[in-house]
Every structure is written in C-alpha cells, then in structure tokens.
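Got chain A; can you put chain B on it based on the hints?
Protein chains in written order, with my numbering: chain A, 1 to 112; chain B, 1 to 114.
Read the hints as simulated data drawn from the structure, not as lab findings.
Mixed in with the good hints there might be a few duds.
Unchecked claim - Derived SDA-like pairs: lysine to any residue, alpha-carbon spacing no greater than 20 angstroms straight-line:
hint : chain 1 : residue 1 : chain 2 : residue 2
1    : A       : K5        : B       : F45
2    : B       : K57       : A       : D84
3    : A       : K5        : B       : Q44
4    : A       : K68       : A       : N22
5    : A       : K5        : B       : Q41
6    : A       : K5        : B       : P39
7    : A       : K5        : B       : R55
8    : A       : K71       : A       : Q2
What the hints assert, rightly or not - Simulated coverage check for chain B against chain A, where a stretch passes if three residues somewhere in it have a Cβ under 8 angstroms from a Cβ of chain A:
hint : stretch
9    : 38 to 48
10   : 105 to 113
Claimed, not checked - Across the chosen pairs, the derived CB separations fall in these ranges:
hint : chain 1 : residue 1 : chain 2 : residue 2 : range
11   : A       : A112      : B       : E96       : 26 to 34 angstroms
12   : B       : T38       : A       : S95       : 26 to 34 angstroms
13   : A       : N97       : B       : E82       : 25 to 33 angstroms
14   : A       : S51       : B       : N77       : 18 to 26 angstroms
15   : A       : N97       : B       : N77       : 38 to 46 angstroms
16   : B       : E82       : A       : D55       : 38 to 46 angstroms
17   : B       : T14       : A       : P82       : 36 to 44 angstroms
18   : B       : F60       : A       : E42       : 22 to 30 angstroms
In this text, a Cβ means the ideal position worked out from N, Cα and C, and glycines have one as well.
Below are the chains, spelled out letter by letter.
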Amino acid sequence: DQQVKQNSPSLSVQEGRISILNCDYTNSMFDYFLWYKKYPAEGPTFLISISSIKDKNEDGRFTVFLNKSAKHLSLHIVPSQPGDSAVYFCAASGSGNTPLVFGKGTRLSVIA
Amino acid sequence: KAGVTQTPRYLIKTRGQQVTLSCSPISGHRSVSWYQQTPGQGLQFLFEYFSETQRNKGNFPGRFSGRQFSNSRSEMNVSTLELGDSALYLCASSLEVRTGYGYTFGSGTRLTVV
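One chain only, chain A, in its complex shape (with noise of 0.2 angstroms):
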C-alpha cells in the first residue's frame, strides 16, 4: 500500500520553462510534507518543504504547493535549468515519531 505516489516516472522540459512535478498522499495522519533532489551516486538533498498549515511555500525558483483536500502537492521550477535534471522524491511525515515515507521518484530532463 503506497502512502505516497508520484506517478510520473519521467519529465522532459526545455530549458527556461516551467518543470511541474506532482504528487499524491492517501495518509490523511500526514501533515508535513518535503522535496528531495538526487544525482547519480549521492544521496537525496533536501529541496523545501511545507506544513500542512500552509498551501503554498516558496524559496528561489521553486515553489511547493499544497492542496489538502485533495491530497495532493506539487513543486514547480520555474525556470528550469539544465543543472536541475535529477530524480526529484516527495516525502511526507506524521506526527509523533514516525519516519520519512518517500514516492517511487520523478526523474526530470531539462533540455537545453
């Protein structure tokens, strides 16, 4: 049972435009929610992240957004660069001592 889908395996965008990269939650217990980015053989980076208090949180060119009742956010590049081609995790938490729950990634190829 996934918790936490991202069911775009891949995204191809031109470099300068806007990369969309979505995910959904069935854990409605969930109320923080976090982007990780990954190159070929590093671990996954912290990218920004939300609490469920909030819809929309903002750091540079990118932008989390949170839809509560449909479960779904989304983090928006804008612009992309070719520097920002990566695997691109969501993750989501609950309260009290639980752990990270990751989605299956988004691979993103921005194109010069």
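Chain B alone, transformed into the frame defined by chain A:
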C-alpha cells in the same frame, strides 16, 4: 562540518553471505535512519535508531537488522543475502526523530549480490 559518511561505497557479495554496512552521522545528530533504494521502488524505509534504541522498523524480513552505538554511529546487517537485496542502501541522520527539515543523507552503499 562533515556530512553523513557511509562505508563502504561499493560492495559485491555472493548469495548466502552476510554483509555489514556502516553509517557515521553528522556530529551531534542522534537519529539515524536506513532506507533501501531499488529501481522503480523509490526509497523504502528499513529502520530508525535514536540514542541506541530502535524507534521504528519497516516491513523487511528479519534478515535485515541494525544497531546504533553510543557515539550515534550505526550499522546495518543483512544475513543470508538474496539477489533481490541488490540495492543502494542509504543512511540519513537528523537531530531528532522528527525534524522540520528532514534528514541529511549519505551517498549510500551500492550492494550487488551475485
């Protein structure tokens, strides 16, 4: 400030053998979590330790075990290796079990079982 260090980086083992992987967290971090990454499966949670105690355990068979030492370093062990255990094993550390900024991951240990 040193990051999370995992050793070894690469490992090749034969079916039936056992293996021990090591993780040194960021200095001051007391929580260590282990994840398995396989193609198409994302990151699957193995276990989490905090102050030498296992706080959470994922849905893996008993062949997978771990421990944490008093200096917060952690090891995970896989006994009776199977071909399906081939994966990237990632360790992550954090100040506490649940932190607002998630985990800091190491570069992982790539285990290949032949």
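Which hints, by number, does the structure contradict?
2, 7, 11, 14 and 15
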